[in-house]
Amino acid sequence: MRENPKLRVTLLTGRTIEQGVGKERGKASKEYMESVSVCYIDPEDLKKLGIKEKTNVLVSTDYGSVVVKAIKSLRGPHPEVVFIPYGPWANVVVDPETHSVGMPSLKGIPAEIEPAPDKPILSLEELLEEQFEKR
Amino acid sequence: MGYVKRKMTIVKAVTCPVCGSLCDDIELTIENGRIVKVKNGCAMCESKFLSHNSEHRVLKPLIRKNGKLVEVSLEEAVKRAAEILAEANYPILYGWSSTSCEATRVGLELAEEVGGVIDNTAVVCHGPSILSIQDIGISSCTLGQIRHRADLVVYWGSNPWSAHPRHIERYTAFSEGRFQRSAWKGYLTKIKASIAKKKIESALRRVFFRRKPSVPPQPRMELPPAMFKEGRKLIVIDVRKTKSAEIADYFMQVEPNKDYELLQAFRALIRDQEIDVDEVAGVPVGYLEEVADLMIRCGFGILFFGVGLTMSKGKLRNIDAALSLVRDLNMRTKFVIMPMRGHFNVAGANTVFTWQTGYPYAVDFSLGYPRYNPGETSVTDVLLRGESEASLIVASDPVANFPRKAAEHLVKNPLIVIDPHMSVTAQMADVVIPSAFVGIEASGTAYRMDHVPLPLKKVVDPPKGVLPDEEILRRILSEVRKLKRKMLVEAA
Ligand code: SF4
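Residue numbers (the numbering used here), protein chains in the order written: chain P, 1 to 135; chain Z, 136 to 627.
No lab work stands behind these hints, which were simulated from the structure alone.
One or more of the hints may lead you astray.
Said to hold, decoys possible - Simulated crosslink set (DSSO-like; lysine-lysine; CA at most 30 Å straight-line):
| # | chain 1 | residue 1 | chain 2 | residue 2 |
| --- | --- | --- | --- | --- |
| 1 | Z | Lys-547 | Z | Lys-619 |
| 2 | P | Lys-47 | Z | Lys-619 |
| 3 | P | Lys-47 | Z | Lys-393 |
Model, not experiment: these values are computed from the prediction.
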């Protein structure tokens, strides 16, 4: 197997309409999970990574790493800027630094992205189990 | 109110309890105590009204026993919640932006009683805006004024099309104001033209069997002709091309984390200063000059800013610059500014916090009187420092929204959740008390993003045995008071 290409990117998190609709339907719903365990990537970057849309990718930052599904970003071009909707998956990789004002840094985080076609996207339950130990 | 059991009824002028736009023109059709049709609402609104009694609802109070959440009576859950809060030295009471002002008022009483830190979701959305407004001041107005008068609408770091879907249609560019026409028709023409263009392009491609050459986008040095049209203009400034950016007359793409530079460049231009670089934050200065010109020449401008400014590098300093920009603009024309508040009652939570304690969020009662020092008394920081001993979460989902490190401390300690849904946080909780949906199954008051209070209606009954947040909090409060009295007697 050839070495996985890695790509340095800037990670943004935010709201999408799908996430908004999914969250009203219920956080345990399939819609919610599918709406937030994704990463919008520029078509050019997908090419650089050598993958097609809907392949799993591993997004890593200084704070953690998480597997999400790559989705082609339709509103480009924005090379090397990727977007994950707010949610438990994004939380794994965002910057908790509040710079003394209470506000974590949820946008513009340096990140690295690589194809991970063999790694599964964790379900919400698995993710919670992996991230937090409940006594 | 028009709710009659076992009959079809239509309830008009319902306020939508989803986002800070708080649209109050929703029409609901109710059949046999169920909402069957939603008129006028956006997708998020429909989703909430139609799935309020979905399978993801919690209907019975739950307590964690031997690692599993098991059903218990409401009395038992309330008692357990009260014990946790009364025993903790430094509990957190967090949430409040998706419930009524009335519930928040009881929450503040409870926070004072248990000597905890009470905070609302502003801390992770517009907290920096509040800090900055306290420093600089804000020239603002109501959304009604904007609808009727604004001829230049700017959204900065905000994607209303996704986060506040009806904001543009009801309050800004696409609304039919008394003195300003809707720009909707122009938008339709533009869309049609672009679809036609795409069709022609794909036809050509098919003829020549060639893929469209991918030309890197060259910044054009003049603004699109739409910017010189009569009437309302819509500008979107953001780090990525969002749906809102697509419908705008003009979209300016700023490099991530460079909003501050761009804002300050605008300030310089508006004060007629020269900028001797070619581009700022990835935008050619020629562009900036044209947009600055538009801002000065408008009759009534509005700058809406979203969490794109508060969450990226600079945080409150970005807001300082935005507020100052609008202040500067008022030397030349009329300009106002407003934060795009997310949850439907986050403005109400700030308001109630302020009138009860003097401070809008991050209020610490541990010394017996309210203290406010965001960065220290903000829930995120308390959690990141690992100081809290227990938490009560009302109508919010911090495990789904906080950075992992903060959420980690939250779930490590006793956790009480009051929520209509089995939220991510509820799944990790020790006590879960189901509540009625405010604005659907319980009435109350909420504040729109422009601080106009609106009534929330009760249109259907909550499931049997499920109470509104306000009532649940009252019961916990009275239980806490009983416990405290007992502790005092025992200590004596
Ligand atoms: S824009 Fe917001 S308040 Fe209006 S209907 Fe949609 S979700 Fe509800």
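ask   = Which numbered hints turn out to be false for this structure?
value = Hint 2 contradicted; others consistent.
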